[in-house]
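Participant: Just so you know, the protein sequences line up as chains X and F, in that order. All residue numbers for the first sequence refer to the UniProt record's numbering, where the first residue is 1 and numbers rise by one. All residue numbers for the second sequence refer to the UniProt record's numbering, where the first residue is 1 and numbers rise by one.
The set of hints was computed from the structure by calculation and includes no laboratory data. A few of these clues could be false.
As the list makes no split between identical chains, a pair holds if one copy fits it or if it spans any two.
[As the list claims (entries may be wrong)] DSSO-like cross-link-like pairs, simulated, lysine-lysine; straight-line CA separation at most 30 angstroms:
| # | residue 1 | residue 2 |
| --- | --- | --- |
| 1 | K123 | K29 |
| 2 | K178 | K126 |
| 3 | K123 | K178 |
| 4 | K52 | K7 |
| 5 | K178 | K47 |
| 6 | K178 | K52 |
| 7 | K178 | K7 |
2 protein chains.
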Amino acid sequence: MTRLSFKEQVHRVREDAIVGAVNRLLAAKGYELMTVDEVAAEAGLSKASLYKHFTSKEELAAAAMVRALDRALHQVQEQARRVPEPGPLAQLQDLVRWTLRTQLEGEMPSLPAQNSRLVAALKEHKDYMNRLLELSDRMGEWILAAQASAEIDPELPPELALYTLFARACDPVVGLLKAGGQHSDEQIVEWVTATTFRGLAGAPAPAKRKTR
Amino acid sequence: MTRLSFKEQVHRVREDAIVGAVNRLLAAKGYELMTVDEVAAEAGLSKASLYKHFTSKEELAAAAMVRALDRALHQVQEQARRVPEPGPLAQLQDLVRWTLRTQLEGEMPSLPAQNSRLVAALKEHKDYMNRLLELSDRMGEWILAAQASAEIDPELPPELALYTLFARACDPVVGLLKAGGQHSDEQIVEWVTATTFRGLAGAPAPAKRKTR
DNA sequence: GTCTATACCCGGATAGAC
DNA sequence: GTCTATCCGGGTATAGAC
């Protein structure tokens, strides 16, 4: 890892400001409603200069997602450092809590799965895909381990658990509860975490279910 | 209820085709990516004619949501007719199952909560708001009843349950599982329904939870 | 690499004939 | 009410000077 020149450092800081702006705007308005003009204004440079750093709006979005995934992976490492031997379920729960907190702070970017052009661009984006797969792999291992100990219902397909946990990053329930103004952020985090994992938990007493 | 003239009937059928197209396009691409040109093409008339029926894109979206809410309310009635005395939990479960099936069929429209212009327009839209409130009220009553019998955790705020159930209408887990192609639609419906209601259920055995 | 100015296109909405 | 043709704002992306 070589020392960065002054110029390169400035470059880094600038791009960080840009990605930070994209991150916030993606969280606040979503991809379609976010305009490149806004990004430039918030990052404090002109639109033309911005396009020297990132060649398209899609690249901007990808960069923001890469940073978000990096933060998630960093979070995973930090948490492994704090607790000596955390169980797989505790790891997953802490990751979900971090996700919900980030969302409550307006710092969780999320992209529309419906925009096929954007989705295609992301699939070609190596930095993004690598990180996404790495995070999925780690979570997948924890899920399997938690299923082995029946902390997560072994009957459920592991993808269901994975998708369910990922979906907390864009859960509308969080924003609706916050908008109500009745509850603290931490309370919201705990409720959503609890209901999510209770839903995935092994069934101790099978409730009566309609047979069809 | 007076008999409709032939002309009025044609009018109705035309508007139904329009709203149907909006419904499908909202489900497939979302509000921002749906263009009025597409709606007109799919409904089989010109854009200018379409604007004689609905005065704006927002009106189109509202009309689709009104129809979706009407279908949900109709579903509620049908189900009350089939079963003589359904418990509140069974009512909620059946409604969620219907929601998930509709989503799997690509017939569940959903709007971005981030578009403030659209949200403001909907809040002023009486037909929409009346139906939304009616459905919320019905569900709210069932939730309170289910909490009274501890089928839903009485410790949870009822709004949390309400939002959680509403959120199934745009749950990304459904689409991801379907995209995987490994499971039948009915299996997906049952899994998501089960995890949702297990998550909201009263806690029989409190799991160990990290205190912070 | 940064700026100002602009090309270019797309999409919502409308004009005006029939 | 339906159509064809058009307006016009706004958004992505670029030209070209410094």
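Participant: Each hint: holds or not?
Facilitator: Right, here's what the structure says about each hint:
In this homomeric assembly, K123 and K29 come within 30 angstroms of each other (Cα to Cα) both inside a single copy, at 23 angstroms, and across copies, at 19 angstroms. Taking CA atoms no more than 30 angstroms apart as the test, K178 paired with K126 passes between copies only; the shortest distance there is 25 angstroms, against 35 angstroms inside one copy. Taking the shortest alpha-carbon separations for K123 and K178, only the inter-copy value of 19 angstroms comes in at or below 30 angstroms, while the best intra-copy value is 33 angstroms. Only within a single protomer do K52 and K7 lie at most 30 angstroms apart by alpha-carbon distance; the minimum there is 15 angstroms, versus 59 angstroms between protomers.
In the homo-oligomer, the alpha carbons of K178 and K47 never lie at most 30 angstroms apart, since the shortest distance is 34 angstroms inside one protomer and 40 angstroms across protomers. Taking the closest pair of Cα atoms, K178 and K52 never come within 30 angstroms of each other, the shortest separation being 38 angstroms inside a single copy and 40 angstroms across copies. When the C-alpha separation of K178 and K7 is checked against a cutoff of 30 angstroms, the pair qualifies neither within a copy, at 42 angstroms, nor between copies, at 49 angstroms.
Checked against the numbered hints given earlier, the structure breaks hints 5, 6 and 7 and satisfies all the rest.
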